[in-house]
Amino acid sequence: MFIDHIKLKVKSGKGGAGCVSFRREKFVPKGGPDGGDGGKGGDVIVECDNNTHTLAHFKGKKLLKAKNGRPGEGKKKHGADGEDLILKVPPGTIIKDANTGEVLLDMKTPGERRVLLEGGKGGLGNWHFRGSRNQVPRYAQPGEEGKELEIIMELKLIADVGLVGFPNAGKSTLISVLSNARPEIANYEFTTLTPKLGVVKVDEYRNFVMADIPGIIEGASEGKGLGLEFLRHIERTKIILYVIDLASFRDPVYQFKTLQKELKKYSEKLASCSYAIALNKVDVAKEKVSEFFEKLNITPTEPKYGASKEYPCYFDEKTFVLPISAASKINIEPLKFALMDMVEKVKDEEDSI
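In this note's numbering, the protein residues as written are 3 to 355.
Don't read these hints as lab results, they were simulated from the structure.
There may be inaccurate statements among the hints.
To be verified - Here are the simulated lysine-lysine pairs, BS3-like style, with alpha carbons at most 25 Å apart:
#1 Lys297 <-> Lys259
#2 Lys13 <-> Lys149
#3 Lys110 <-> Lys347
#4 Lys98 <-> Lys64
#5 Lys13 <-> Lys64
#6 Lys288 <-> Lys259
Claimed, not checked - With beta-carbon atoms standing in for the labels, derived distance ranges:
#7 Ala249 <-> Thr321: 22 to 28 Å
#8 Thr321 <-> Glu237: 15 to 21 Å
#9 Glu152 <-> Arg26: 45 to 51 Å
#10 Arg135 <-> His7: 56 to 62 Å
#11 Ser330 <-> Glu270: 33 to 39 Å
#12 Tyr141 <-> Glu237: 52 to 58 Å
#13 Phe251 <-> Lys311: 27 to 33 Å
#14 Arg25 <-> Glu147: 28 to 34 Å
#15 Asn299 <-> Lys63: 52 to 58 Å
#16 Val255 <-> Leu106: 41 to 47 Å
#17 Lys267 <-> Thr111: 29 to 35 Å
#18 Thr301 <-> Glu346: 24 to 30 Å
Here a beta-carbon is modelled for each residue, glycine too, at the ideal position from N, C-alpha and C.
Construct the complete structure from the given sequences, taking the supplied hints into account.
Written out as structure tokens, the structure reads:
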């Protein structure tokens, strides 16, 4: 089950109480105080785990608590520290304060561990309070209370390229052909019900991550269809690849303009991302390619990356428009190399800032 949004309470452990104790040993008359300190309460720790892909393991849980510290004992014995509560989340998980909306943690790197809530300190035993004026202290500190917080965990997949298109545009077929992802593929709309990630291997040394989300329809930014619920998963992408269905009853230019409009309504940042266009199913609707170029006043350029000369295409330094067929594997290899170059350029620009 794919779960990408969870609300729950977490609580760190309470510190153990300090001990009130006095030495009672043979041949040691009037032994002094020897009460040990209480153990520290367990922390709430968030760990970024690359083997976890959803937040489903938190479903149905309302309160998760770290263990309390154990109280101190006589002979200055320190109480055991409470066991930490470790929340394992997939990369791309954001932890927010449920009451204020403040982003507390943004977990991106596998293996990263961050303390969300610290456990309460253990109380001091009575041997700390001995002195010339108080040689028999009968007081020890109680442990500090743990901290409680209501949080929202929100998963935003981390990918280099995000696929955006209308339902049944061929996105699932495309990501299955390009990458190691194996989504469900069928000839009806909204086949994709959850986001999918795939690693696209370009050559021996280079690869990038691609994300596919459910199809977007007009009004998705207002809650229609499934797209709005999952648009958050392409917010982190470096490049948007618009997949236009040439075989659809919807006009290709209408598809492109509508998708751009819905992304802009959802997020200005998302709409300003670098993007490219893949005109899919060119093997069954070749004539629509030239119409698309004419309506958008795009002048075709020379093919690059070994793209077929049979279909008009466009390449410049920032973007490209490439006719493809995911099913027939037309221009799939050129698409890989064109996207890889775009990803590398965007990363270089980010590193130079």
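Tested hints:
1. Lys297 <-> Lys259: holds (12 Å)
2. Lys13 <-> Lys149: Measuring from Cα to Cα gives roughly 6 Å; hence the hint holds.
3. Lys110 <-> Lys347: holds (21 Å)
4. Lys98 <-> Lys64: This hinted pair holds, its Cα atoms lying about 16 Å apart.
5. Lys13 <-> Lys64: holds (11 Å)
6. Lys288 <-> Lys259: holds (20 Å)
7. Ala249 <-> Thr321: 22 to 28 Å: Holds, at about 23 Å.
8. Thr321 <-> Glu237: 15 to 21 Å: Between Thr321 and Glu237, where Cβ atoms are some 20 Å apart, the hint holds.
9. Glu152 <-> Arg26: 45 to 51 Å: holds (47 Å)
10. Arg135 <-> His7: 56 to 62 Å: holds (59 Å)
11. Ser330 <-> Glu270: 33 to 39 Å: This hint holds: roughly 37 Å between Cβ atoms.
12. Tyr141 <-> Glu237: 52 to 58 Å: holds (55 Å)
13. Phe251 <-> Lys311: 27 to 33 Å: holds (29 Å)
14. Arg25 <-> Glu147: 28 to 34 Å: Cβ of Arg25 to Cβ of Glu147: about 31 Å, so the range 28 to 34 Å holds.
15. Asn299 <-> Lys63: 52 to 58 Å: Holds: the Cβ-Cβ distance is about 55 Å, inside 52 to 58 Å.
16. Val255 <-> Leu106: 41 to 47 Å: holds (43 Å)
17. Lys267 <-> Thr111: 29 to 35 Å: Cβ of Lys267 to Cβ of Thr111: about 31 Å, so the range 29 to 35 Å holds.
18. Thr301 <-> Glu346: 24 to 30 Å: Because 26 Å falls inside the window, the suggested range holds.
Violation of the numbered hints given earlier is absent; every hint is satisfied by the structure.
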